[in-house]
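If you read the sequences in order, they're chains A, B, C and D. Here the first sequence is numbered in this note's numbering, starting from 12 and rising by one per residue. Here the second sequence is numbered in this note's numbering, starting from 12 and rising by one per residue. Here the third sequence is numbered in this note's numbering, starting from 12 and rising by one per residue. Here the fourth sequence is numbered in this note's numbering, starting from 12 and rising by one per residue.
Bear in mind the hints are in silico, worked out from the structure with no lab data behind them. Because the structure is a prediction, the values reported are computed rather than measured. Be aware that a few hints might be false.
[Stated by the list, open to error] If you only want the chain A side, here are some residues facing chain D, beta carbon under 10 angstroms, derived:
(1) Phe-86
(2) Gln-87
(3) Gly-139
(4) Gln-144
(5) Glu-234
(6) Leu-237
(7) Lys-240
(8) Val-349
[What the hints assert, rightly or not] Which chain D residues stay away from chain C? Per the calculated CB distances, all over 10 angstroms, these:
(9) Pro-21
(10) Asp-35
(11) Glu-230
The beta carbon of each residue, even a glycine, is placed where N, CA and C say it ideally should be.
4 protein chains.
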Amino acid sequence: MNFTSDNAGPAHPSVLEAMGRANDGHVAGYGADALSGRVRDRIRDLFEAPEAAVELVATGTAANSLALATLCQPFQTVFCSPVAHIHEDECNAPEFYMGGGKLTLVPGDDVMTPDALRAAIEAEGTRGVHGAQRGPVSITQITERGNLYPLERIRQLCGVARDFDLPVHLDGARFANAAVALNASPAEMTWKAGVDVAVFGGTKNGLMGVEAVIFFDPEAHWEFELRRKRGGHLFSKFRYLAAQMDAYLEGDLWRRLATDANARAAEMVAGLDGVATLRNAPRGNMIFAELPRPVHTALRDAGAHYYVWEGDEHGTDPVTARLVCGWSTPPEDVARFVEVARAA
Amino acid sequence: MNFTSDNAGPAHPSVLEAMGRANDGHVAGYGADALSGRVRDRIRDLFEAPEAAVELVATGTAANSLALATLCQPFQTVFCSPVAHIHEDECNAPEFYMGGGKLTLVPGDDVMTPDALRAAIEAEGTRGVHGAQRGPVSITQITERGNLYPLERIRQLCGVARDFDLPVHLDGARFANAAVALNASPAEMTWKAGVDVAVFGGTKNGLMGVEAVIFFDPEAHWEFELRRKRGGHLFSKFRYLAAQMDAYLEGDLWRRLATDANARAAEMVAGLDGVATLRNAPRGNMIFAELPRPVHTALRDAGAHYYVWEGDEHGTDPVTARLVCGWSTPPEDVARFVEVARAA
Amino acid sequence: MNFTSDNAGPAHPSVLEAMGRANDGHVAGYGADALSGRVRDRIRDLFEAPEAAVELVATGTAANSLALATLCQPFQTVFCSPVAHIHEDECNAPEFYMGGGKLTLVPGDDVMTPDALRAAIEAEGTRGVHGAQRGPVSITQITERGNLYPLERIRQLCGVARDFDLPVHLDGARFANAAVALNASPAEMTWKAGVDVAVFGGTKNGLMGVEAVIFFDPEAHWEFELRRKRGGHLFSKFRYLAAQMDAYLEGDLWRRLATDANARAAEMVAGLDGVATLRNAPRGNMIFAELPRPVHTALRDAGAHYYVWEGDEHGTDPVTARLVCGWSTPPEDVARFVEVARAA
Amino acid sequence: MNFTSDNAGPAHPSVLEAMGRANDGHVAGYGADALSGRVRDRIRDLFEAPEAAVELVATGTAANSLALATLCQPFQTVFCSPVAHIHEDECNAPEFYMGGGKLTLVPGDDVMTPDALRAAIEAEGTRGVHGAQRGPVSITQITERGNLYPLERIRQLCGVARDFDLPVHLDGARFANAAVALNASPAEMTWKAGVDVAVFGGTKNGLMGVEAVIFFDPEAHWEFELRRKRGGHLFSKFRYLAAQMDAYLEGDLWRRLATDANARAAEMVAGLDGVATLRNAPRGNMIFAELPRPVHTALRDAGAHYYVWEGDEHGTDPVTARLVCGWSTPPEDVARFVEVARAA
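With the rest of the complex left out, here is chain A (with noise of 0.2 angstroms):
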């Protein structure tokens, strides 16, 4: 029973078989082999964006710096939530990519509202060339708390960003999970609500490590090229990344992938009703629940593996725990957590 992260799980057998395929004979470094441009048509094509510029790295830090960086100079600020990923877990990598950019944290909590985005833009660019220099808007969806961008809140943050022509990042560490919770298409989700840059991540669910990071003008693209090479994420045998995403395009796997997090997820809700609290609103695959002490210690005692988001992992209060499903997580690990707490 271990709901520690979507990066604990295995990849999918899929995925092992693509990068078998791949693994023969001889071919151009770099990206410049006939399967790793053949992966980037087909993102164009997931995403309906015939002229995108579109990349793959090996890690999500890397994704979103690179992005970042790319879209932001460094004596400009990026506008997250305060508890964006790209704030609170990444030791500083925006910062290092952007040659000493900031970023700004927009009050509130994880999912942005249109009006605290646009009061934290006024108040930054007030001071001309002594204050940071106001720079892009970055989202992340699913949020880190588990919560979800309806797409017409993505709509206004964009048309927020828009009104003082700032581009848009979308931290999709989560993504396929947020667009089948949404029902969405990816370009719904993205260029067509107004984001312009997209990391489309697979590294949590189902691939070994590959993020595509697409970039919806694709006049960044050299730029975006020469930081991801400076930063020593442009991989010689890059048909290894290829090959994974490739997988992951596959009948839609990371849609149906995400689908079964999502499922999990969802059997969990339903089964903590009246036993946990929730402190998300859950629709996609990651759970945050109050567990009242004797739940923790009986799920504790049956083996169950999860982070202590808030409270004493051995204290007597309640825990506020964080449960992720990922498309691995076996139905019966479901079931049993939920028999477990419910006995407790």
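Following the hints, complete the assembly by docking chains B, C and D onto the known chain A.
For chains B, C and D alone, coordinates are given in the frame of chain A:
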């Protein structure tokens, strides 16, 4: 007949198998899993360095840039050869990771001499606060021009560095080929010779993309880990890097593969005797050979792939070709190449 | 009637005279002249810190950014108040000098509380390699909102920092005004309270542009010098910085000028009693006062210059004005200002 | 007899007087005062460039590094001579300001040739995403070895840069000495020859510390201002920089002072004829002369100050001395120097 690069070939089948075996169940991310721990231990064993700090990254650019950034302050300069990969082929990655540090090119060719190194170090650092401060020495073994530093030469260079209290970095993208060519142990080629940080490359020798960075003084460990994270090079699903390296170490695969690659190169050197003029002293897997124009034309017509390093692909003069053999280079390809060349 | 800023006024005549005296003959550059050496010694004397490393720079941005860069690794974060000058008014200079470091805003207002600081430090550094690492604490004395840290409060904040083994930086752009207001010695306000690095500002208090940076632990000296040089802040004709500081120290000019500035502010505070609502507790030279609209209008009509900090310059509601007095503010101007305000 | 450097001498009295005149009353900070505006206009007039963006900074390091950072992306490289000040004497300041950019040393000596420049540019940028990308060309006029680029040579170098669509930066620390030596107007030596950004140095020619940076394409203005601010080089009490430059422009003081300095150097060159062997072709104010040992010894005994550029201060062989004259070098000192040298 593909001799373009050691990154053009596939991964060894056992690498994929090891990744397949690792692809099971839930494990801790970010290198905290048992396999990753075991692999780090195995590398320490291989290098006879039980206290060493060992970390894996996925690209050589990352390995070298992170190692140098950990050794080198932004107001310092790295001493390297004028054709060092860190100078010529990284789109300023070392400078980026060092936060604006510099490279000082030691006059000469790819194989640095102790005298030239000493003179270069002496020349820097005579300007007090005004000049770049002396930083690490970086050696590439096998060099970018396919030559080999004998152990004694490495010891001499490390001795010069030690005279100035400077650390030594070894770029070991082709570490295995060198160790085989020298019949030296990893320890002999590194810390026993005075090297402080070594990169033990796997990508060019049968892995998909894994390089180990070994700090023989473990004090730098935590800083390296932080720099790796903020560079976006800490993989969440770390087990797939560890599995590759595990396969690499198993039964000395790294040594067996490099032995094969070197053998192919030796066959080619022997076969080209009297046909081409060698521009380097190849004892590893990389040959720089001056090909008479008719030989070059015949080889191209026969479908041979390689880089023209100097000269005009479509001219009339001889060209210098870079010919790289890998573990997966078929002996028949070498034989065929030689045959075509000799016939021309 | 100019109350816009302490950088709007002239330099004290004795400063210019000292520069004139220094403007004679050939001397060594870059701070190696006798005058520069003597001035550094005088600052050590003033701070009762015979071992301290002392350096001069020409701007406060440089002083604070270089001090922080010397204290803070690029993967760390600086703890400061949400209105810290280093956060709001430096166009990302600290982030630039730190090589991509971060600032963590301690919740609260301009005067940090020990509890809030402790909570902020505790909250950082709970994410291992993923989060920004804990770095220095930065205190502004007098704060950007014109408030004063009592010595006891500085000691408490330094105590919190010490509990986490973090260094403390004091932004002393208005150091003199604070020392006068507290009737404290420079030593009491800095190292005796636990401060590791202090900026002793002169620019806002009668110099043309000189700030001293004092590291009480001299070990950082050489690194600071290198960072100053590569930041472009090492003046070749250093004597003109030294001469300014020499004049500043002569006969405690710094203290006499700050006494005058504070006195003007006190007169204004007294005069505005019953007319304006103070938004800070001014004991230095900076007043934030809520002015009823008629008062604001009357003052503007009378030619008073000051910044509207909150509210609408041309609206109907009251505005909050920032009123800064300097050593050169004529008492008559304060009297006139008060008179106009009271009449309105 | 001080010939160590043009930064060892004092400021011209009229500079101090201008600062004194500016030292009156309250004015806007940060260059928004009337005097600062007027000075920027005067520089535009002097350069016959009514649209140019003009800014003042206090050090040459800042002027050149900020100019290059505005012209050069962090993944690019600057082409300069192997003895360029930006390479040898800035403790990595350009690399720092460029965010990790690089310098490519054009083979040859201090005076770049068009052919060598073209070859260097061609050699870079042949490696696609892997190599440093081509960036600006940087010319130092007068060079660091005291030589002069004729106008035609500047035009040729700019022509080469233009062929590759690269901008040209002119490091004009000794701009005035060059303009006098060439009898050229500032416009002729810069934009009329193809220069995009010029530094018009004052510090080495009679100011305390002011350099003007002139972008002939004003589009870069705002970015330069932001970079200046975040570099800590925006002075709050800007009028004191402006006043210095104002004096410098008044009655062509800059030209008169450089004329004096060059005249002293010419006297020395003439006087050393037959005694010393010139190592450069001095037409400005800086002489590199090989002094026979007895001459060197006699000069030292007579109290002459200068740098030994090559050779051993205390050996037996001849030494190469760098002899720098300034506007304030007394003709008697030159005469005395020559007399001692000739007597030896």
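Going down the list of hints, with the structure as the test:
{"no.": "1", "hint": "Phe-86", "verdict": "holds (4 angstroms)"}
{"no.": "2", "hint": "Gln-87", "verdict": "holds (9 angstroms)"}
{"no.": "3", "hint": "Gly-139", "verdict": "holds (9 angstroms)"}
{"no.": "4", "hint": "Gln-144", "verdict": "holds (6 angstroms)"}
{"no.": "5", "hint": "Glu-234", "verdict": "holds (8 angstroms)"}
{"no.": "6", "hint": "Leu-237", "verdict": "holds (4 angstroms)"}
{"no.": "7", "hint": "Lys-240", "verdict": "holds (5 angstroms)"}
{"no.": "8", "hint": "Val-349", "verdict": "violated (51 angstroms)"}
{"no.": "9", "hint": "Pro-21", "verdict": "violated (5 angstroms)"}
{"no.": "10", "hint": "Asp-35", "verdict": "violated (6 angstroms)"}
{"no.": "11", "hint": "Glu-230", "verdict": "holds (19 angstroms)"}
Taken one by one, the earlier hints fail for this structure at numbers 8, 9, 10, listed in ascending order.
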